[in-house]
Amino acid sequence: MQRDDIQKLGAQAARDGLTLWDCPYYRAAAMPGHTGESIAEWRDKVEAWEAGWMEVAESGQPPPPGQIRYLARAGSRHRH
Numbered sequence: 834m835q836r837d838d839i840q841k842l843g844a845q846a847a848r849d850g851l852t853l854w855d856c857p858y859y860r861a862a863a864m865p866g867h868t869g870e871s872i873a874e875w876r877d878k879v880e881a882w883e884a885g886w887m888e889v890a891e892s893g894q895p896p897p898p899g900q901i902r903y904l905a906r907a908g909s910r911h912r913h
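The opening position of the sequence shown corresponds to residue 834 in the working numbering, with each subsequent residue numbered one higher.
If a hint is listed, it holds; no wrong ones were tucked in.
Straight-line Cα separation of at most 16 Å, EDC-like style, residue types lysine to aspartate or glutamate; simulated pairs:
#1 K841 - D877
#2 K841 - E880
#3 K841 - E888
#4 K841 - E891
#5 K841 - D855
In short, the hints are calculated from the structure, not lab data.
None of these values were measured; they are calculated from a predicted model.
Hey, can you work out the whole structure from these sequences and the hints?
Below, the structure written as structure tokens:
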């Protein structure tokens, strides 16, 4: 699957009210140990999905009623 396609899936997930933790590449079956792909290839897919998700999440579109909108990644915390 191409990066653009993966990004579109992430964007759709955000529109559907899913969180970053719902990324399909976080599932064991999609991780390098199961797929045989390199960690770099897997990481590129995760980053593409998250980029699509973030684009929608940060656009200010309201989430579906009763849905969680955003869970920050641990690596994205701001230091004060």
